[in-house]
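Protein chains: 2
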Amino acid sequence: MYSSNPRSNLLFVVLILFSSSLLINSRKLDLKQPQQLDHGHTDDSLAYVWPLPWDYTFGNQTLTVDPNLSLVTQGNGGHSVIVSEAFDRYKKIIFEHCSSKLDGSGVDYHLTRLNVIVHSGNEELQLGVDESYTLMVAARDELSVIGGITIEANTVYGALHGLETLSQLCAFDYGTKTVKLFNAPWYIQDKPRFKYRGLLIDTSRHYLPIEIIKQVIESMSYAKLNVLHWHIIDEESFPLEVPTYPKLWKGSYTKWERYTTDDASEIVNFAKMRGINVMAEVDVPGHAESWGKGYPDVWPSPSCREPLDVSKNFTFDLISGILADMRKIFPFELFHLGGDEVHYDCWNSTPHVKQWLQDHNMTAKDAYQYFVLRAQEIAISLKWTPVNWEETFNTFASSLDPRTVVHNWLGSGVCPKAVAKGFRCVFSNQGVWYLDHLDVPWDSVYYAEPLEGITDASEQELVIGGEVCMWAETADASNFQQTIWPRAAAAAERLWSKKESASSANTTVLPRLEYFRCLLTRRGIQAAPVTNFYARRPPSGPGSCYSQ
Amino acid sequence: MYSSNPRSNLLFVVLILFSSSLLINSRKLDLKQPQQLDHGHTDDSLAYVWPLPWDYTFGNQTLTVDPNLSLVTQGNGGHSVIVSEAFDRYKKIIFEHCSSKLDGSGVDYHLTRLNVIVHSGNEELQLGVDESYTLMVAARDELSVIGGITIEANTVYGALHGLETLSQLCAFDYGTKTVKLFNAPWYIQDKPRFKYRGLLIDTSRHYLPIEIIKQVIESMSYAKLNVLHWHIIDEESFPLEVPTYPKLWKGSYTKWERYTTDDASEIVNFAKMRGINVMAEVDVPGHAESWGKGYPDVWPSPSCREPLDVSKNFTFDLISGILADMRKIFPFELFHLGGDEVHYDCWNSTPHVKQWLQDHNMTAKDAYQYFVLRAQEIAISLKWTPVNWEETFNTFASSLDPRTVVHNWLGSGVCPKAVAKGFRCVFSNQGVWYLDHLDVPWDSVYYAEPLEGITDASEQELVIGGEVCMWAETADASNFQQTIWPRAAAAAERLWSKKESASSANTTVLPRLEYFRCLLTRRGIQAAPVTNFYARRPPSGPGSCYSQ
Chain A
41 MYSSNPRSNL
51 LFVVLILFSS
61 SLLINSRKLD
71 LKQPQQLDHG
81 HTDDSLAYVW
91 PLPWDYTFGN
101 QTLTVDPNLS
111 LVTQGNGGHS
121 VIVSEAFDRY
131 KKIIFEHCSS
141 KLDGSGVDYH
151 LTRLNVIVHS
161 GNEELQLGVD
171 ESYTLMVAAR
181 DELSVIGGIT
191 IEANTVYGAL
201 HGLETLSQLC
211 AFDYGTKTVK
221 LFNAPWYIQD
231 KPRFKYRGLL
241 IDTSRHYLPI
251 EIIKQVIESM
261 SYAKLNVLHW
271 HIIDEESFPL
281 EVPTYPKLWK
291 GSYTKWERYT
301 TDDASEIVNF
311 AKMRGINVMA
321 EVDVPGHAES
331 WGKGYPDVWP
341 SPSCREPLDV
351 SKNFTFDLIS
361 GILADMRKIF
371 PFELFHLGGD
381 EVHYDCWNST
391 PHVKQWLQDH
401 NMTAKDAYQY
411 FVLRAQEIAI
421 SLKWTPVNWE
431 ETFNTFASSL
441 DPRTVVHNWL
451 GSGVCPKAVA
461 KGFRCVFSNQ
471 GVWYLDHLDV
481 PWDSVYYAEP
491 LEGITDASEQ
501 ELVIGGEVCM
511 WAETADASNF
521 QQTIWPRAAA
531 AAERLWSKKE
541 SASSANTTVL
551 PRLEYFRCLL
561 TRRGIQAAPV
571 TNFYARRPPS
581 GPGSCYSQ
Chain B
41 MYSSNPRSNL
51 LFVVLILFSS
61 SLLINSRKLD
71 LKQPQQLDHG
81 HTDDSLAYVW
91 PLPWDYTFGN
101 QTLTVDPNLS
111 LVTQGNGGHS
121 VIVSEAFDRY
131 KKIIFEHCSS
141 KLDGSGVDYH
151 LTRLNVIVHS
161 GNEELQLGVD
171 ESYTLMVAAR
181 DELSVIGGIT
191 IEANTVYGAL
201 HGLETLSQLC
211 AFDYGTKTVK
221 LFNAPWYIQD
231 KPRFKYRGLL
241 IDTSRHYLPI
251 EIIKQVIESM
261 SYAKLNVLHW
271 HIIDEESFPL
281 EVPTYPKLWK
291 GSYTKWERYT
301 TDDASEIVNF
311 AKMRGINVMA
321 EVDVPGHAES
331 WGKGYPDVWP
341 SPSCREPLDV
351 SKNFTFDLIS
361 GILADMRKIF
371 PFELFHLGGD
381 EVHYDCWNST
391 PHVKQWLQDH
401 NMTAKDAYQY
411 FVLRAQEIAI
421 SLKWTPVNWE
431 ETFNTFASSL
441 DPRTVVHNWL
451 GSGVCPKAVA
461 KGFRCVFSNQ
471 GVWYLDHLDV
481 PWDSVYYAEP
491 LEGITDASEQ
501 ELVIGGEVCM
511 WAETADASNF
521 QQTIWPRAAA
531 AAERLWSKKE
541 SASSANTTVL
551 PRLEYFRCLL
561 TRRGIQAAPV
571 TNFYARRPPS
581 GPGSCYSQ
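Heads up: the sequence lines are chains A and B, in that order.
Counted from 1, the first sequence has number 586 at position 546 by our numbering; the numbering is strictly sequential.
Counted from 1, the second sequence has number 205 at position 165 by our numbering; the numbering is strictly sequential.
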């Protein structure tokens, strides 16, 4: 079954694997010659890995992979169920065509073992957790301990990324009916450029069933995204159970469009098993009309319902109760408090609120600040780091808690201002990273740069990453995945790979993205054609997945 | 946890279950009062079952279902892995919100056991297999053996339908955090109106990954569709492996957009486990250009490639080889030979073909008939019953093998003509049942009638059913499900339920279909909004799944 004799290459392998770091960068993707992906003449010299790893070298051997690939673990974290379950998932993906070939009798495969070394037994998943990994692939040889596949990482989350990359190096060869790993030996040292790589889902405008959210999380892991920003509730509906205030989910669209606390915990756990944090959002004081379905007292009046009534202590009791209940579900250190699009009309026009403002010598704008800061205090008292949409920073930056993470959305230029004042920032410029903007094609997403306008290294450090946002006015369970993919992948590479790798000079980007889109579809994800100008449009005619 | 005391209803239950058949039809859905499905005020007296069962009675009890529901099987077919695997699948569906509640300690559920009785041990899945089942649900009682859930069927395939219906009777109650079964006791006697209830998929215009095809099959089973018509190859691409002629899948779009024979067998088996037959199609002599990528000799000439060269024996050798190889994969008795849209230009303009026609004293039309009949002979020699698109019947009905199943598509009126001549017919009138026609809304699909224009009972018998067709010019992995659902469900009820149940007088249809669409999304299927006029359009704004 061998397509080449790897033993004769032993010395080469050893040299590659243990050569100086100068050598590590010596062989890269051939950026000059991407080939047309049509009719079987695909360029096997291209590594179709998405997002592109940080540093890597590769060779020209083709190795076969045993469908009975065994897992051998080492290190304090090696025996984690997070590793073993991921191994089982990726085995299904890598060997999807080999289900009836599992006996493997008589076949001598190059790669029969996967060694996973995880140094730390700490499985806490927090912002900045070490996601780096090293992946080495070489033909085994009895004269050497080097051969086989080895993933080495400090944490289980780095190991997960290593497994994903490994899965992308493998492909089923329809000719020999074996899984092959091309361009070995590989030596990959990888890590993310940004520690926060997010996707927003909005389950208020349209309820997303648990099964769909799990599909989204699963697909995020394929692109190495690591934060699911769950905009759970908004003015349209309140699907989440809050045990302390059990009437709140009366604000759900129907009695079936709800999440129990167990459902939410299950989603958090499902995401953690895939290295993804869930950041919940409670968007106050605007975007909260649905709260009043269960507790009308939080509306300034039945006819004027937003923002939440700033004059009542009950409003803040409710926020305290919601956040305390949610704290039991969401262990991630960041919690989003919204704070966007607050219009003061109801405060100024409702007599008792107007009176309260006068009594406290506040303008409505003062009350907005008062509200946001009081909500921040509640979150901070629960040991959460508050995240707020940029309007809070734009309106009263100097009063914000300095721990606040400023979430950009209105346009460019806010992160530079925020980090100049010492705040951390998340980039989501709506012109390029709001996926509900269907007229933003993949390359506009791809070439957006979170550090634009920030040159000082210490300020750059404060941009913790970015997030693509999928507001759900016209997105529901039926079209969510095809609206976010492949564009979310474009942002994922921007947030993971070296800035210079993800440059317009890199002509491998489009074929790799087309390949990744088809990889998603092979894994059952409804990723839309890459080259349509408008997102989620159907293919314009018959053709290969790899060129649409 | 009881919402009512079922023991006091024992006598009533016994009466319902064992009363005369007159009683069986005595309680039906209240067709007069469907209620608005908004904000939690859903009508619990409505049974949201799709497609509507044949005969049923129900009560007004609400019963709780044990998350540790156990399976007890009886009969020659009860121990089938088809039953036990389906039970596991449906348990996951029914108890999706109860994963952390599996201890069930201290809770006294009404329904703790599912009895499945399958009389026949014969698992052969063929056209006309007995798909009927009886489903009885009543509170258990120590004084009686009647209580619990019982599915009785002659075959495992009837039992599968019973499980699907059972799953639709259950719903998670977010208030009590238990699964409830409403409107018990239930007594359902169900069977399909038509034995052939198909969906066409087209993997030539766009390749559908195995994972996506499995999702389609899984979703078909929810609507009790039972034939996957797999239009595997066409002029655009040839993705299937044919061992006897290994160059044929050179006609695939890329080396990755292929199905091995093992892949195809796996799909057939996956479908069988869900009671679905796979009918393969080899569409000759038109729609076959891609064959020539590997074997250019089947083209009349390199510049004139369709229909296949009628003058060469090699063409028929190739068909024989393909069909013999496919026979090992596809056990279903029906095999589709296409025969549509044959244009004679290449035969009349290519010198050696023209000469052959003259030598054999044939017109091109004669040659079309000769080709189709010779292909039929090959299929029949392999013990297949040939299916052909209606052009073959329209052009040379009297020459067709009388076993031929005529597949209507061009419009209405063909099935009446075909059955009048003794042929069997499948209804797929493109004006209503071609799902690639995006301007056909759900109700046009729903009210199409396969027996239109056929009054004679023996002729009606010859219409074996119908099929919705999803031609894939603009449908790929990204939008397949949202293009077919919910419209395929509309056809599914037409093909399953009593004609009078599926009438425009039945005002439960729309709320039930909206409920079924949301049921699909809860199961992870990308079913599009029901009420959009154009198929696969996004929802027009925020709102509940149940009213879009």
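These aren't lab readings, by the way, just hints derived from the structure by calculation.
Don't take every hint at face value.
The list treats identical chains as one, so a pair stands whether inside a single copy or across any two.
In silico lysine-lysine, BS3-like type, Cα no more than 27 Å apart, as pairs [stated by the list, open to error]: (1) 287 / 217; (2) 254 / 131; (3) 538 / 217; (4) 231 / 290; (5) 254 / 132; (6) 423 / 217; (7) 131 / 312.
Predicted model only: the values in this text are computed from it and were never measured.
These are the hints, each one checked on the structure:
1. Within a single copy, residue 287 and residue 217 get their C-alpha atoms only as close as 57 Å, which misses the 27 Å cut-off; across copies the closest is 15 Å, which meets it.
2. For a Cα distance limit of 27 Å, the shortest separation of residue 254 from residue 131 qualifies both inside one copy, at 19 Å, and across copies, at 18 Å.
3. Within a single copy, residue 538 and residue 217 get their C-alpha atoms no closer than 35 Å, and across copies no closer than 48 Å, so neither meets the 27 Å cut-off.
4. For the identical chains of this complex, residue 231 and residue 290 are neighbours neither inside a copy (44 Å) nor across copies (39 Å), given an alpha-carbon limit of 27 Å.
5. For a Cα distance limit of 27 Å, the shortest separation of residue 254 from residue 132 qualifies both inside one copy, at 17 Å, and across copies, at 14 Å.
6. Taking the shortest alpha-carbon separations for residue 423 and residue 217, neither the intra-copy value of 54 Å nor the inter-copy value of 30 Å comes in at or below 27 Å.
7. In this homomeric assembly, residue 131 and residue 312 come within 27 Å of each other (Cα to Cα) both inside a single copy, at 19 Å, and across copies, at 25 Å.
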